[in-house]
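Student: Chain G: place on chain L using the hints.
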Amino acid sequence: MKKITTISIAISALLMIIAPQFLKNYGIYLLTYWLIFIIATMGLNLTLGYAGQKSLGHAAFFGIGAYTVAIVMKAGLSFWLGLPLGAALCFFIGIALGFPALRVQTIYLAFATLGFNTAVWLVMRNEEWLTGGTFGINNIARPELFGFSLASNMAYYYFTLGVTVLMAAALWGLLRSPWGKAFTALRDNPIRAESLGVDIRSYTLLSFAIGAAYAGVAGALFASLVEFIEPAPFTVGASIMMYLMVVVGGAGYFLGPVLGAAVGVLLPEWLRFAQAWYLFVFGSAVVLLMIWLPDGLLSIPDRLKAKKQAKNESAARAASAHAAANKGAQA
Amino acid sequence: MSHTNQHEPAAGQPILKVTGLRKAYGAIQAVGGVSFQVMPGEIFGVIGPNGSGKTTLFNSMLGQITPDEGKIELNGQDVTQCGPLELNRRGVGRTFQTLQVFGKMTVRDNLIVAAQEHQGSMFGRMFAPGDSGLGSRADALIDQFRIRHVAHKKAGELSYGQQKLVDIAMAFMSQPALVLLDEPCAGVNPSLVGGISTLLKELNRNPKIGQHSSFVVIEHNMDFVMDLCHRIMVMVEGKVMAIGTPDEIRGNKQVLDAYLGN
Chain L
671 MKKITTISIA
681 ISALLMIIAP
691 QFLKNYGIYL
701 LTYWLIFIIA
711 TMGLNLTLGY
721 AGQKSLGHAA
731 FFGIGAYTVA
741 IVMKAGLSFW
751 LGLPLGAALC
761 FFIGIALGFP
771 ALRVQTIYLA
781 FATLGFNTAV
791 WLVMRNEEWL
801 TGGTFGINNI
811 ARPELFGFSL
821 ASNMAYYYFT
831 LGVTVLMAAA
841 LWGLLRSPWG
851 KAFTALRDNP
861 IRAESLGVDI
871 RSYTLLSFAI
881 GAAYAGVAGA
891 LFASLVEFIE
901 PAPFTVGASI
911 MMYLMVVVGG
921 AGYFLGPVLG
931 AAVGVLLPEW
941 LRFAQAWYLF
951 VFGSAVVLLM
961 IWLPDGLLSI
971 PDRLKAKKQA
981 KNESAARAAS
991 AHAAANKGAQ
1001 A
Chain G
-14 MSHTNQHEPA
-4 AGQPILKVTG
6 LRKAYGAIQA
16 VGGVSFQVMP
26 GEIFGVIGPN
36 GSGKTTLFNS
46 MLGQITPDEG
56 KIELNGQDVT
66 QCGPLELNRR
76 GVGRTFQTLQ
86 VFGKMTVRDN
96 LIVAAQEHQG
106 SMFGRMFAPG
116 DSGLGSRADA
126 LIDQFRIRHV
136 AHKKAGELSY
146 GQQKLVDIAM
156 AFMSQPALVL
166 LDEPCAGVNP
176 SLVGGISTLL
186 KELNRNPKIG
196 QHSSFVVIEH
206 NMDFVMDLCH
216 RIMVMVEGKV
226 MAIGTPDEIR
236 GNKQVLDAYL
246 GN
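Going line by line, the protein sequences match chains L and G.
Going by the numbering used here, the first residue of the first sequence is number 671, and it counts up by one from there.
Going by the numbering used here, the first residue of the second sequence is number -14, and it counts up by one from there.
Treat each hint with caution, since some may be false.
To be verified - Only some residues are given here: those of chain G computed to face chain L with a beta carbon under 10 Å:
#, residue
1, L72
2, D94
3, V98
4, G105
5, F112
6, A113
7, P114
8, S117
Stated by the list, open to error - Subject to a maximum C-alpha distance of 27 Å in a straight line, what follows is the list of computed DSSO-like cross-link-like pairs (lysine-lysine):
#, chain 1, residue 1, chain 2, residue 2
9, G, K186, G, K2
10, G, K224, G, K2
11, L, K981, G, K89
12, G, K238, G, K224
13, G, K139, L, K975
14, L, K978, L, K673
15, L, K981, L, K673
16, G, K89, G, K138
17, G, K139, L, K977
18, L, K997, L, K981
19, G, K138, L, K977
20, L, K977, L, K672
21, L, K977, G, K89
22, L, K673, G, K139
23, L, K978, G, K138
24, G, K139, L, K981
25, L, K981, G, K56
26, L, K977, L, K673
27, L, K724, G, K139
28, L, K975, G, K138
29, L, K997, L, K672
30, G, K89, L, K978
31, G, K224, G, K56
32, L, K673, L, K997
33, L, K724, G, K89
34, G, K138, L, K672
35, L, K672, G, K2
36, G, K56, L, K975
37, G, K89, G, K139
38, L, K672, L, K981
39, G, K89, L, K672
40, G, K139, L, K978
Think of the hints as simulated: they come from the structure by calculation, not from any bench.
Note that the structure is predicted; figures quoted are calculated from it, not measured.
Idealized CB from N, CA, C, for every residue including glycine.
With the rest of the complex left out, here is chain L (with noise of 0.2 Å):
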């Protein structure tokens, strides 16, 4: 890892662990919001980015991990079982969401796995005896963690913090490994990628089960923060704003999801003084960033790195057509 890099992220780590101390409750309620949705589009970034699976559900698996949590917790069990069961459960019915794309790709994939997002809400809304249907399920507790209460805003922030960490650091080693070039390369070339022994078909769908059990976790982490779960989170039209952040961060960086999930997050937030105007304001700035940055914002150091390289190599030319003219003019 370059010296910048290692250096940028000691700084962000240590003022994630400071900035709650000079906030207000909503200030450390939003950050946590934000840390759930950096987990739950690290997974989509895997499906999408390094994998290259269209996916348009990702937000079902959201709410499967979330209303796995609250059902789990209304039965009298603990966080502690639903976190796992929601991830697991998640991990399963993505393999079975990824068999589609064994078969379609691209807008056809896209429109399949946006299907199967609407499958999951509708039972979500109408099987009330399941999920409380419109009603939803309220007075999901904080979790304990060794004794010491999660239930205060701070609390929680920090478990989320430290669970957000594992889950990077779980995906960096993954992508470090073999596995992380056999989903670029599935990604990039899925034809080549099998003609040199790559099972495709086991990578899509583990690329698949992978992006969804972060979701299940992630959903599982906000059904704790926000105590009360009902299906208008986890629409077709979270699904799309999941797919943006991961877009508009960069598809394929693994820090794509931090910079995504502020925009989709925090910029909401901050875009509260232009009151009325302010989806205006939110929408414009997405429709600038994908004209000009289509590649997402961390794609911005590759693009001046390519500027320069190319600016290179077009003086060494003409400093090559230079010295090849006087050459001929001196013979």
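Tutor: Okay, now just chain G, sitting in the frame of chain L:
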């Protein structure tokens, strides 16, 4: 260009045996009953005019399409119904007519990903080091292909010729027993063609990297084919017109009339 093959194919069981292969698209018979065999260590060329069925034959042998009739055997085992993944696992490498590198990966990573799936189990690879223990093998190929100066550049940033070299090197990374090369000189600067031919001869002989490798090569560059291959098959309209050594093919009147000309 003179014919400079030093290495003669070994006798014994063929590594690849194709018998009565047929494939039709509607009323068009793309491949009509093609039979041939490739011996261990042999470089076998396939030539013919456009539309003669070479690519359909290649795609059938590589599991991209299923033939209507016929049998393909690899080391005596029937692989007619095998897909590309299974064929790679059984030791078949390939290149494509067009460039097929992973543009966002470095050259070295392109080579590593080309062989990593042959290392250990899939679950084990989740915890394996990033280079899967293939670093030294990748470095050896990088040196052999003389692309050391771009080894850590992204493959997509290289010139066409450099990408072509990476593309060919990837096919050899898993040390396959049989490599199918689809127009390795297509789009390559003529000054590089001789270099590719030399590299392929080295890989055919090199006991470390191209151990016992046999090649099947489709190519339109006649000088390249005649210089490189031990035997050549000429296809016309989906059928085999002739099989023989380069000298035999050059002297075959039927082939001269139909394809090579004067």
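Student: All hints are to be evaluated individually against the structure, with a verdict given for each.
Tutor: Here's how the hints hold up against the structure:
1. L72: 8 Å, holds
2. D94: 6 Å, holds
3. V98: This hint holds: V98/G lies near chain L, its Cβ roughly 4 Å from the closest one there, short of 10 Å.
4. G105: 9 Å, holds
5. F112: 7 Å, holds
6. A113: 5 Å, holds
7. P114: Cβ of P114/G sits 8 Å from chain L, so the hint holds.
8. S117: Where the cut-off is 10 Å and the nearest Cβ of chain L is about 5 Å from S117/G, the hint holds.
9. K186/G to K2/G: 22 Å, holds
10. K224/G to K2/G: 16 Å, holds
11. K981/L to K89/G: Satisfied, since the Cα-Cα distance of roughly 21 Å is no more than 27 Å.
12. K238/G to K224/G: 17 Å, holds
13. K139/G to K975/L: OK: K139/G and K975/L at ~13 Å, within 27 Å.
14. K978/L to K673/L: 21 Å, holds
15. K981/L to K673/L: Holds, because 25 Å separates the two Cα atoms, which is no more than 27 Å.
16. K89/G to K138/G: 9 Å, holds
17. K139/G to K977/L: Holds, at about 16 Å.
18. K997/L to K981/L: 24 Å, holds
19. K138/G to K977/L: 16 Å, holds
20. K977/L to K672/L: 20 Å, holds
21. K977/L to K89/G: Answer holds: K977/L to K89/G is near 17 Å, not above 27 Å.
22. K673/L to K139/G: 21 Å, holds
23. K978/L to K138/G: 15 Å, holds
24. K139/G to K981/L: 18 Å, holds
25. K981/L to K56/G: 56 Å, violated
26. K977/L to K673/L: Distance ~22 Å between K977/L and K673/L Cα, so the pair holds.
27. K724/L to K139/G: Roughly 24 Å between the alpha carbons, so the hint for K724/L and K139/G holds.
28. K975/L to K138/G: OK: K975/L and K138/G at ~13 Å, within 27 Å.
29. K997/L to K672/L: 43 Å, violated
30. K89/G to K978/L: Between K89/G and K978/L the Cα gap is close to 19 Å, so the pair holds against 27 Å.
31. K224/G to K56/G: Given pair K224/G, K56/G holds - Cα atoms ~16 Å apart, limit 27 Å.
32. K673/L to K997/L: The hint is violated at about 44 Å.
33. K724/L to K89/G: 19 Å, holds
34. K138/G to K672/L: OK: K138/G and K672/L at ~16 Å, within 27 Å.
35. K672/L to K2/G: 52 Å, violated
36. K56/G to K975/L: Roughly 53 Å separates the two Cα atoms, so the pair is violated.
37. K89/G to K139/G: 6 Å, holds
38. K672/L to K981/L: 24 Å, holds
39. K89/G to K672/L: 19 Å, holds
40. K139/G to K978/L: 16 Å, holds
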